[in-house]
Amino acid sequence: MADETRKIAFICSKGNLDMAYPALVMGWAALGNGIDVTIFFTFWGMDMINKDRVDHLEVPPIANASMKMNMMGVPGYLGIPQIAGVIPGMTAFATALMNSKMKKLEVPTVREYLQMLVDAGAKLYACKMSVDMFGLKKEDFIEGVQDIVTAGDFMDMTDGAQIIFI
Amino acid sequence: MADETRKIAFICSKGNLDMAYPALVMGWAALGNGIDVTIFFTFWGMDMINKDRVDHLEVPPIANASMKMNMMGVPGYLGIPQIAGVIPGMTAFATALMNSKMKKLEVPTVREYLQMLVDAGAKLYACKMSVDMFGLKKEDFIEGVQDIVTAGDFMDMTDGAQIIFI
Amino acid sequence: MADETRKIAFICSKGNLDMAYPALVMGWAALGNGIDVTIFFTFWGMDMINKDRVDHLEVPPIANASMKMNMMGVPGYLGIPQIAGVIPGMTAFATALMNSKMKKLEVPTVREYLQMLVDAGAKLYACKMSVDMFGLKKEDFIEGVQDIVTAGDFMDMTDGAQIIFI
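Chains as they are written, first to last, in this note's numbering: chain A, 295 to 460; chain B, 295 to 460; chain C, 295 to 460.
It cannot be assumed that every hint is accurate.
Identical copies look the same in the list; a pair holds intra-copy or inter-copy alike.
[To be verified] Taking lysine to any residue and the SDA-like style, the derived pairs with C-alpha atoms no more than 20 Å apart in a straight line are:
hint	residue 1	residue 2
1	Lys432	Gly328
2	Lys301	Asp453
3	Lys345	Leu391
4	Lys301	Gly454
5	Lys422	Asn327
6	Lys431	Leu399
7	Lys395	Val425
8	Lys398	Gly429
Calculated from the structure, these hints are not laboratory results.
Keep in mind the model is a prediction, meaning the values are calculated, not measured.
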């Protein structure tokens, strides 16, 4: 085993802003440790590589009890009633808040992070079935996405890898 | 390592239609590559093997910013305000839309996929704690579910496997 | 490989009550099987180790079609319309119901489970970026959290581990 490079494969299946970051942050750290990094985008995660959408990912506070408390500065559990999450402006508000917190911490945007990852050697692939389901083409993706691959290709590419499904 | 069969274990913890597919698609591809496939169902993922529910999985558009845009043909981000997701008919609409897209791509239904997986050698197991929590019995499950197992059994069965939690 | 201890690393990224349990249940089983267990808390999963919040995790029924059916005793699919999930009291109701089901099955609370895990040798770590994002300090965490670590540290600690992202 000693001469084999460690490999990590991420599957990004979510398009909400909060769940876009884990693969980016971990992928970047992995590259820094000399680990081979591959990121597959499927289902709603396709929005992360869709060049018209990547800059507009949102974080809906509804259905996430933690988010209301953490992001909105609600002290303790007096909190916003559950219904607050459905007021149209709440998603925009939570998204702006998360983006501003990320900026303050000097965390790159999703688009910037992906570019950094590609430049540092990570390989990005789009899932064929999702591409077909959403009627997308390779031109719809940001630069750096190497190819559109099937689940069978994914299996070939992840032999021996630590697989992280997000 | 050369003589060991590659093993993948999926844990299906979600009952929404969109998150039912990843294990099915990847599991099928894995079997095609000669990989040993085991699928564990727990929490809301139990609905995937509940014979009264497997044909009625739904995909609520709320709390998923991507879904509104991808499935509902909303151009760009002019979109449906967040509140649209709570209008009662929206979940039924999104579910019908996803099912019809899957059908057009000739993707099997969840029930069909599970049967194909079992026929091709995948092993399906239900989580004991979830069975107890939901008051279920083995008779409530589709054919092909081999057994109800504890988390300890899961650990025994996944030694050396790539584990994918969905 | 024969003399290496099997290692499992969990990443807890969700703060909803239902998604708090999988790592606890699997982690406990893993320890029982002599497996080395590490749990990393990030994003909303930070609430699991936040001493002011761990006892107040909630389970919003909205956006989870399965939950409405399983937890609320709705027969079949006649069910509560999607909008029910946003009535303020529904999250409290679903949370109380889940907690009471867990108690009946003698499943420990999240706080108790974490203590059991620590006592049995599991190592708990908080993610540095999330700590910074939420403005937390080590004093905000329950006892048993060993340290605040970067994604790079995480990579070092998970070499050879089965990684389970929740």
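Going down the list of hints, with the structure as the test:
| no. | hint | result |
| --- | --- | --- |
| 1 | Lys432 with Gly328 | neither (29 Å within a copy, 30 Å between copies) |
| 2 | Lys301 with Asp453 | both (9 Å within a copy, 10 Å between copies) |
| 3 | Lys345 with Leu391 | neither (22 Å within a copy, 24 Å between copies) |
| 4 | Lys301 with Gly454 | both (7 Å within a copy, 10 Å between copies) |
| 5 | Lys422 with Asn327 | between (30 Å within a copy, 17 Å between copies) |
| 6 | Lys431 with Leu399 | between (35 Å within a copy, 16 Å between copies) |
| 7 | Lys395 with Val425 | between (32 Å within a copy, 12 Å between copies) |
| 8 | Lys398 with Gly429 | between (37 Å within a copy, 12 Å between copies) |
Of the numbered hints given earlier, the model fails hints 1, 3; all others are met.
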